[in-house]
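With the hints as constraints, model all of the structure from the sequences given.
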Amino acid sequence: MIKFWNRRLHEGKVTEDVHLEKELDAIKKEIKDRVKKKFAGSLAIRMVDSGSCNACEAECNALANPYYDLERLGIYFVASPRHADVMLLSGVMTFNMTPHVKDAYEQIPAPKWVISLGDCPMMKAPFEQTHAINAPVDKHLKIAHHIAGCPPSPLEIMQGLLEFLGKI
Amino acid sequence: MRFIARYAKELKNHFEVITIYDSEVQREVVSLENPSMKTLAKRHPAAVWFERKIQDDFGIKFSDAYDKRPLVHQERFAKDIHPMRKSFTQKSIQEEEYIPYKYEEISGDGVFQVAVGPIHAGIIEPGHFQFSQAGEEMLHLEVRHFYKHRGIEKMLEGKTLFDAKAIIERISGNESIAYQICLRDIMLQSSKQELSQNLQKRHALFLELERTIHHLTDLGFIPNDAGFGAAMSFASKLAEDTRRKFQELSGHRFGFGAVDFSIDLIDRVSFLEWLDKLQKDVDFFEDWIMDVPSLWDRFDTTGILPLKKAVKYDTVGVVARASGISVDRRINSFYLKHGFEMASEISGDVAARFKIRLQEVNNSILMMRNFLDENVEEFKLDTLNDGEFFSFCESSIGELFMSIEIKDGVIERFFVRDPSFINWQAVHLMMRSDIIADFPLINKSCDLSYAGNDL
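Residue numbers (the numbering used here), protein chains in the order written: chain P, 1 to 168; chain Y, 169 to 623.
Incorrect hints may appear among the rest.
[To be verified] Distance condition first, Cα-Cα at most 27 angstroms in a straight line; then the derived DSSO-like pairs of lysine-lysine:
| no. | chain 1 | residue 1 | chain 2 | residue 2 |
| --- | --- | --- | --- | --- |
| 1 | Y | LYS270 | Y | LYS229 |
| 2 | Y | LYS448 | P | LYS13 |
| 3 | P | LYS139 | Y | LYS247 |
| 4 | Y | LYS236 | Y | LYS477 |
| 5 | Y | LYS369 | Y | LYS322 |
| 6 | Y | LYS327 | P | LYS124 |
| 7 | Y | LYS247 | P | LYS102 |
| 8 | P | LYS142 | Y | LYS259 |
| 9 | P | LYS124 | Y | LYS229 |
| 10 | Y | LYS413 | P | LYS22 |
| 11 | P | LYS102 | Y | LYS327 |
| 12 | P | LYS37 | P | LYS22 |
| 13 | P | LYS13 | Y | LYS405 |
| 14 | Y | LYS259 | P | LYS139 |
| 15 | P | LYS13 | Y | LYS413 |
| 16 | P | LYS3 | Y | LYS448 |
| 17 | P | LYS22 | Y | LYS405 |
| 18 | Y | LYS229 | P | LYS3 |
| 19 | P | LYS28 | Y | LYS413 |
| 20 | P | LYS13 | Y | LYS445 |
| 21 | P | LYS142 | P | LYS102 |
| 22 | Y | LYS445 | P | LYS3 |
| 23 | P | LYS28 | Y | LYS405 |
| 24 | P | LYS32 | Y | LYS405 |
| 25 | P | LYS3 | Y | LYS405 |
| 26 | Y | LYS369 | P | LYS102 |
| 27 | P | LYS124 | Y | LYS322 |
| 28 | Y | LYS405 | P | LYS29 |
| 29 | Y | LYS236 | Y | LYS177 |
| 30 | Y | LYS322 | Y | LYS247 |
| 31 | P | LYS102 | Y | LYS229 |
| 32 | Y | LYS177 | Y | LYS259 |
[To be verified] Output of the computed footprint for chain P on chain Y, the stretches with three or more beta carbons under 8 angstroms from beta carbons of chain P:
| no. | region |
| --- | --- |
| 33 | 256 to 262 |
| 34 | 283 to 290 |
| 35 | 337 to 343 |
| 36 | 525 to 533 |
Please keep in mind that the hints were generated in silico from the structure rather than gathered at the bench.
These numbers come from a predicted model, not from an experiment.
Note that CB positions come from ideal geometry on N, CA and C, so glycine has one too.
Written out as structure tokens, the structure is:
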């Protein structure tokens, strides 16, 4: 572990892409302000996958890496819908997942919002209707905001969350 | 003989059930009127899921099978429908009466059941795990999936290979390049052409880049599940760097649409510089992480899959190589010429799977240097011919198998076996001497795909 701390001490903060970092900083500041105002500084998100290819999940996981570090802004991905304000829903709403998604939604205390993530929930991805798919998702739940992309990059997810915060 | 896959297709007058082994292909004829056949699961336990899937998809019964429960068709699924039959054309089905699924359970004094999922605590895909517990000890685990079943096989029927490409590359986001390479090979077989060395190298470069991203992500997540968050911060930064590089080279953060028949120029100098930097960071990571005793205390002897079991269940990929099986689709002259060395461990535990990933990242970086080329090239694909084609590719999880039958220029039957489909069936064997708190760690050390498994 000493090697690790030595390296941190000697290298300090490294900025790899100055242009992107500036853009990120501006978004981060705005998100933090709005979360503070509208959600008392803490916005809890329950991520539910209803049949995606796992790319949307990978990008949400990337939001926790040191570049984006969403938790610093007061946005948390929580373990239970009962702790959540918002459900972030990805995937094509498969037949087998539909009852479980509805269950999870019921468990979220009001007021609550659903944000759809990626092209799948709106059936805009290349996937086509089959017997096993129940999309579009707005047939089943009221969607407060949609974040488009296949998959949306971490930056686009942050921009989408910012738009959502401006909407409500 | 290593068992690879078993699947069915409907012909004009009968069903054909095809069984793929590493050295041969067996075909059996099953009648349409009274479809029934013998199970293979007594010799190859991993055939169980294949057969249960065939039973759901086609209605073929396995008369002597010990497990006849539905697999893909869950509690509310319409009964007595077989979606892969050609006569089935419905685009939606109604929820029907809820019939509880009978889990494999161990019962007895003080033994209790723990149900986990389908929606999990973290940001991961949905799947269900049912544990029979005696206190903290896991007596048995049943893995139950197919919550993400999208009907991909049915969706692709009647499409040309070109129309199907966008869907095939999105079957499993973490293995997109591997799926695209399998499709590429099938296209080439169908047009009876050989790919130029340059294009092969470019696609192999993308595949190794994809593998590096996937492994780096896991190298962070595995220690994180053992409570060592610092590794996650470090490795997730490297994974993000690599993903950005992937976007720069392929035009997409996950490489969707990257494998085609043209080569764009790569800035050789800056890419080599970037590889040097990545290698330096990986070296630092390895040096640091190998020296954290409390972490290895959790990794060593946790989740052991013994060689004998790994062979019996026909496992592939990282899981198999960590248990001492030498199975890797990259053992061929093309890869060996470019510096491929198969990763290998024998202890079969979480530690072994972690070390395999480290070895493979190092080897991938080495190979990527050798795959760099400065030639610009266009390749023209001839007309595709009808026929049945098989292809294999080593994805970041393991051996991927794809089979496409083309008839009148469109897909008649599409079948793909993700490495996860085999390996998931071996996960319950890893729980023999561990407590339930170790399960997330063991599961993450295999890092199998749910989307590729469920289709």
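So, against the hints stated earlier in the document, which numbers end up violated here? 5, 9, 11, 18, 26, 31, 36
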